[in-house]
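*Asks:* Sequence:
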Amino acid sequence: MRNEMPITNRLCVLGGLLLILPCVTATGAENELRRQAETLFGTLDPVTAEEKNDPVVDLGRALFWDESLSLNGGIACASCHLAEDWGADRRLRSIDARGNPTRRHSQTVFNTQAAAAGLRWLGDRASGAAQARGSVTGSMGFAGHEDLIPALRSGNYAVRFEAAYPEQTQPLTVDNYARALQAYQETLRTPAPFDDWLRGDAEAMSEQQQRGLRHFIEIGCAGCHDGALLGGNRLAKFGLLNDFRPLTGSSEEDVGLMLSTGEEADRDMFRIQPLRNVAATAPYFHDGSVQSLERAVAVMAELQLGEDLNAGVIGDIVAFLHALSGEVPSHYGPP
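In this text, residue positions in the sequence shown follow our numbering: the first is 1, and each later residue adds one.
Hints are computed from structural coordinates only; laboratory data are not their basis.
Heads up, some of the hints might be wrong.
[Unchecked claim] The calculated SDA-like cross-link candidates involving lysine to any residue, where the alpha carbons are at most 25 Å apart (straight line), are:
1. Lys52 to Gln36
2. Lys52 to Thr187
3. Lys237 to Arg120
Just so it is clear, the structure is predicted and the values come from calculations on it, not from any experiment.
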């Protein structure tokens, strides 16, 4: 079976002046789509060698992968954010240093530090440093923050902290530990084909991926999943039009932000998930209740936008979401 050129290209090759116009129109449509995307989203810059070689980043990398810095000596930050899962965790729940499952499904640490709404499913950690500090008595299992200091000394970290914070007389502190972890995670950026396309590379996304982007904008997905991360900018009610639980099989127990505030207005409020690398970070939603990206797209369209999408539109949107996946950073591993 011979390969067929797209009709617009055949018209360009075979036609005269008048038949070139469909090609110009197609290019114009792509440029208009790009202009729309530029106003709604943004690009990620690749990490530089200078960033990766910063002493604070180097310290943060060591801390992130060190299992000895936990109550049981067997859990690191990386234990809940696996390289093979693009910085997320394919398990429904990660296991902390006390042997307990985490409350919610672990999100990726790639591209997270710029989320305007804060980190985690409720946006309850304002920064990577706040998250790292909270994890000392959370996933790392220590009774108090200062219990981390003996573990750092046992790991011979004093010299590393002095190199990272040379202006300080006593740099080995929990706050500096948290700052170093944030600095490392700020370098975990994963530019993707979408970024190349947005910068003008017409070949970076396929026709199907561009159709998916157009659907994503026109249907209304970009109303929440906006900015450079395509999300992470605010909280929203999951199940805006109907309760999500019948579609996801989720438990009645987790009512989102309401668990913290007690306010009925906060029922089922969660941070809007950034969509960078979403195609590589299944399962989906706060409880990992949906395994398939196609199903996740259908659920979101129905619950948030009142749209019953057909398989073709879902396939196009999923193809676009694949264009948001970049490479696992080369320095995402133990130093």
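*Asks:* Between Lys237 and Arg120, does the CA-CA distance stay at or below 25 Å?
*Replies:* Status holds; Cα separation ~15 Å.
*Asks:* Would the hint linking Lys52 and Thr187 be met if the CA-CA limit is 25 Å?
*Replies:* holds (7 Å)
*Asks:* Sort out whether Gln36 lies within 25 Å of Lys52, counting only the CA atoms.
*Replies:* Judged against 25 Å, a Cα distance of about 33 Å means the pair is violated.
Of the numbered hints listed earlier, the single one contradicted by the structure is hint 1.
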